[in-house]
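Asks: Use these hints to put chain B onto chain A, whose structure you have.
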Amino acid sequence: MTDNESADLALTVYAPSEPDEADLADGDAVDPGSAAHGIALAAERDQLARALRDTHRQLATAESQLMAMKRSATMELGQAIVAAAKRPWIGGPRLPKHLYRMWRERRAGRAAGGAGNGFRSADEERWARILLDAGAGAAGDRFLAAYTVPGLAWSAAARAEGQDMADGLVVAGVLTDASCAALAPDVTAEQLLPHDAAFVLEGSGADLVLIEAAALLPGGAWAHAGDPAATDRGRRLADLIDLAHALGKPVIFLRNAPSYLMPYLDWLGTSCDAEVEGGLGVQLARFNPIDLPAARGAVPVYAGHRDPREGPAVKRMLDELTGSEPDSGPASARGDRARPVRVIGEPSWRAAPGLYRQHAVFLAATAAQAREQLACGARVVGPVTEDTQVSGAAAAAEAGEAARQLAAAIAGGHRDMSEIKATLLELFEAHATPARLAELARLVELPPRPVPGRRVAVLAGVRDAAAAGRLATRVLGQRLRPHEVRVWLEGDMALADPDNTASRAAREQVGGALAALTAEGIVAGVVTGAGLAAAARAAVSPWSAEWDPQVAYPDSYLLELMCALECSRADAVGPAAGADYVFTDVLDPAVARTDLFRDGAPPRSSWARRGLRLFAIALTADDAAGPAASTAVSVVAGTAASAVAE
Amino acid sequence: MSGPQAESGPESPPPGDDGTAANTPRSRSALVYGDVNLNLIDGSAIWVQSMVLALARAGCAVTLVLKAPVQTDRLLTPLEGEPGVTIRRPAEEQLADGITARGLSPAQASAILTAVDAEHRHDIVVLRGRHLVSQVVTDKAFRGRLWTYLTDIPQSIPEMTPDAVNWLAGVAEASQYVLCQTEELRCFLEGSVAEACGKCVLFPPVVPPAPALPGTPRDPDGVLRLVYTGKFAPRWNTYEMTQLPGLLAARGVRAELHMVGDKIHNDPADPGYQRRMRVALGDPPAPDAGDSAGAPPVVPASGVVWRGGHSREGAMRIAASCDIGLGWRHPSLDASLELSTKVLEFGMLGLPVILNRTPMHEALLGADYPMFARDLRDVTAIAETAAADPAIMKLAASRTSAAAAEYTLDKAAGRIRRYLSDALPRVEVAPGTGVLKVAVAGHDLKFITPLLDYLRQQPGLELRVDHWPSLGEHDEEASREISRWADVVICEWCGPNAIWYSENKRPKSRLIVRLHRFEVYARYPYRVDIKAVDQVVTVNKRYAELVAEKTGWPTRKIIALPNTVEVGQLERPKLDGARFSLGFVGMVPSRKRIDLALDVLEELRRDDERYMLCVKSGMPWDHWWVWQKPEERGHYAAALHRIQRSPLLRGAVVFDEAGRDVPAWLRRVGFVLSTSDDESTHVAPIEGMVSGAVPVIRHWPGAETVYDTRWIHENPQEMAAAIAAIRTDEQWREAGAVARADAIETFESRKVFRVWYRLLTENLTPAKQVQRYSLPGAP
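The listed protein sequences correspond, in order, to chains A and B. For the first sequence, our numbering gives the first residue as 1, with consecutive numbering after it. For the second sequence, our numbering gives the first residue as 647, with consecutive numbering after it.
Source of the hints: derived by calculation from the structure; they are not laboratory data. Because the structure is a prediction, the values reported are computed rather than measured. Backbone N, C-alpha and C fix where the C-beta goes; we use that ideal spot for every residue, glycine too. Careful, some of the hints might be misleading.
Away from chain A, derived, C-beta distances all over 10 Å, residues of chain B [to be verified]:
no., residue
1, Gln740
2, Ser751
3, Trp1346
Derived, one-sided and incomplete: chain A residues facing chain B with beta-carbon distance under 10 Å [to be verified]:
no., residue
4, Ala146
5, Asp196
6, His224
7, Ala230
8, Leu268
9, Ile290
10, Arg296
11, Pro312
12, Arg316
13, Glu346
14, Ala352
15, Pro353
16, Gly354
17, Arg357
18, Phe583
This is chain A alone, in the form it adopts within the complex (with noise of 0.2 Å):
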């Protein structure tokens, strides 16, 4: 408590309202009351409840002393001690006010039955007692998140209506605002606060805990974290990474803010489970190319701002290229028009997709910039500032080769769909933030898990095993493999009795031919009954495909249905006649949400009346078989032969 507090709430103690001394002198006792002595007990249990989590605390670094010792042999088993005892922060500070708490206790109990220390009665000092301790009040300190809604901040914004993240991964942590728009569409994500972040946490069910380097900058609720000045702040971190270990939550640190503006951070790299350079990847679901506008800014800009802190090497460029100093004032007046690059500032968070949308060429400042930008269908050279190499970047070590680049950018027009489809499809794969999470889950030994949004199913109606069979081949060669593949027995199989022998007999064949899918961990079984409603119904994967086994599909099929599905977040992606990468009205589905094709979903015709959303795209052809047409065709005749009856 600040003396300032201390001054007030010592003014309050002695408020008018209270009764005066003269009506004490005879030793009265004040009541508290039934309220207080609620007020008491429930102050007891949060003690019980505290002492509970500090035990947990205690617990872990016993267990980690453990390990050390046993791992040591003698001449380190000293040094693994000290090593423990170091460990961030367990029960740290805390200690000098466990004493204090327990030296007030004593001495409280030496006065028992005397008011002192200002205590006008003994049960105040009594009630004093019990709730004077530093968050013993009544339900005390988890009042800071008892209105907090777990996830609902982000995720209500950013997902589709419907969509069930019950089996989604879960993310805690120390995150930008800029973070957590990039993780809700696909994760329930949990943004901690420096007061509340013990208790969000506990109850949030995290699957992982990040911790964000760059919510540790200026700005954010965590500013400062990383600076001595802000110790206070930077020891609610440790507290935060030890219970999140006391909770068996693997907690990874990401550095995506420039090392040289918090250089004090090192402990935290070490304190948790995997420190990894970068962010959270791309969203696909904010930065992509739906909708393009068909005119765009043709000159090539610069989304960043001009800092002071650039390297010499890149302001060197970036004098050169834009004729801007760093700092040199709004956005709108920086730089020479006569350079080939204009400075438009760093956008929001929420500004950027639209921003990036707005121009053809950028001059990228980082590799997360420039796949961002990438996304939106632009040309990009770059990223300045840093020296990674961008797959569909222009690299560029020097103003003259950037300029060159530039140039030829703005020689090669504006990108058309497939190109920007095969960015999308690779960004899809390595770089978007599905992809980052489940990198980042396999570092810390997570099971893996894809998102719900990249769950999909397979339908498939086949004859016999060897339809089977050749239905299991040609989904293992997609990049992107489904969660799971459902098949139904077509052709007399169909109709017949699930009991009958020759139908068991051909259910066992066909499912010993997909056999090779779940070698693969792939899920797959022959449903019960017939038709893509069956086989739907079956499915546990959120989004299903259906797939005619007849059909020699690209290998990039599915990739490109879930890609699209990921940057439109429609219910049902599918061809329709010319177009691609819009939304529409009318369309065959290739993959939709799986309680689309079960019994009693709505008539495909109906699905834009009744609000759905249905996402356009031109598939890719395979060059082999030319199925481009007649994939279109077989999935369409497909469809309308497993079509819900409407």
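Replies: Just chain B now, with coordinates in the frame of chain A:
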């Protein structure tokens, strides 16, 4: 039950000044001991020398006690010639038995220092060395007079173990000041050890002046000369540096790299390093190669010239003959909270330096300093650019020179002078003046403690305290004795203590009653015999008027003297982004109106999401007398509900821990809010103002008598508009500077305490201004 505590001030020294003339009596005395051997010329020894010189030049009579027998007097000679410095040699003077050639043990040192202090009590005792300080703290020696300088302080959160915190807390409690080399270290210490708050002051390194450099300047020859001095070790990037001449040659720049030093680190993690480094350095240096006037060294084809080991003077002489100094190191060394003096030493020579960009170096040289390097590519680019553009070298050199100029002995003496003035704020009295006996009586002395500390320092006063155990409880006999003894009685709070002393006043003594807030609405003032009271002190004019109105007391007796703030602790640089950070201190009880602060924030965030609110406060549920009231619980539940659910507020409000580290916390705050329904003096905005934050004050009754009306607004919307009207960093800094000047003018403790000092012997006339507060009796 506590009774009067007899306390006496220090012995009255003869009047004197702070001058450094040899025969000028010195008004303050300092005892200095460093647990370092002054026969070894290293950084710690130079520190001791610098401290003694700085104290002497700040006007102290300094006694330096040496640790070890004298073998070389290189560091002592300047001290022996310095006026006001006395050197004690325990070994030679046989001040203790068993002093070895290695010098005093901590136990011996503590005993000897105590004995030396007993001969003549020193005002301050300056100590350096962990084990020594431990010993002195254990011995409970020099409590309240210690100025401790510690090295080996843990510098990261994990290293700040409970044991470390406990030890540092003990040291801080025993110290008057804890000297910290950098602001980073100070803030970290305060943030980790509550007892250190208010005790930490800055004592940056003192860079000895550059030696005289003989010889004529070299004619420009188109060769860029880089220089490195120090050890050769992996993390000091010395191996990478040896590639520079070749890299620069590839870019058409003729360059030499001069390497001064002779210690090549043996890295267990990299067994080949020593050999590699030696090969890169080239031929071992010939004796005195290049040091003789007019004999330039032979430059091998590699461009790397190994100059070997040299004295500090020799190293600086070589550096002065070069163009750019190299201080670029591995990033793992950036985490140190201490300042490397390399850049300062080069700066003393007028040399630009290539070094790592860190917040500390940015504060030293400016964020736009042109020679910050991240990697070898940057170093090469900088050197190439500098070779082509002399203006860059000139700019960089001017920055390093300016930085170094802040670390001279004169600057150190100036800092010491200020600390001495704060620690020992004495009002000198004429010889022969009688001692004034002053007593302070009251149950809660929290607010008057700073004044008590000030009064204790005064040579013309003797001070006693009649500490009442509770508002109405006291040892009557002890109070009677105080009343008989004291010339002046100050009653802190107008409660039963004021009533009793007004009824038991000794004739011809003075009775001063200080009244805060709650007493105005209580019955106590009506029972005070006002005829016996000489002056009533309120904290602002509104309360002065209110007291007069409610009690009918003569207005000539009622004056307003504000609460005070310690300016020195609050003047710290703001952190990046502070401009968008609103600060709120103390949200309990509900009349503080945290809900209105949320209104201000919401209003701002409609247009600009960068604004945040930082609340430094205890929680209402921590105080049973607040939390048991349903209306209080409802107030906070509503506020927290709003914070956690509102799209504009969620994530924009941070509750920082309550604590005494307010000065460090204010570094992150650009605007301090005061939204209370009622205050006497709201100290939080004042502290914020001294820190350079802009105050934004809701017009609670009487606010206009405390603050300039330019900071006062009628409602949250106007408060938000005032904040938003400050659109640039420059405007914000300007407003902050005005606010700081306002606050210092009115609330700086030394000024206010000087008025209190006058009040002890004379009645002051009430301030007449209404709109703007000013000190009564001030011209």
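Asks: Decide, hint by hint, whether the structure agrees.
Replies: How the hints compare with the structure:
no., hint, in the structure
1, Gln740, "41 Å, holds"
2, Ser751, "25 Å, holds"
3, Trp1346, "13 Å, holds"
4, Ala146, "7 Å, holds"
5, Asp196, "8 Å, holds"
6, His224, "6 Å, holds"
7, Ala230, "6 Å, holds"
8, Leu268, "9 Å, holds"
9, Ile290, "26 Å, violated"
10, Arg296, "27 Å, violated"
11, Pro312, "4 Å, holds"
12, Arg316, "7 Å, holds"
13, Glu346, "13 Å, violated"
14, Ala352, "14 Å, violated"
15, Pro353, "17 Å, violated"
16, Gly354, "16 Å, violated"
17, Arg357, "22 Å, violated"
18, Phe583, "27 Å, violated"
In this structure, the hints that do not hold are numbers 9, 10, 13, 14, 15, 16, 17, 18, in rising order.
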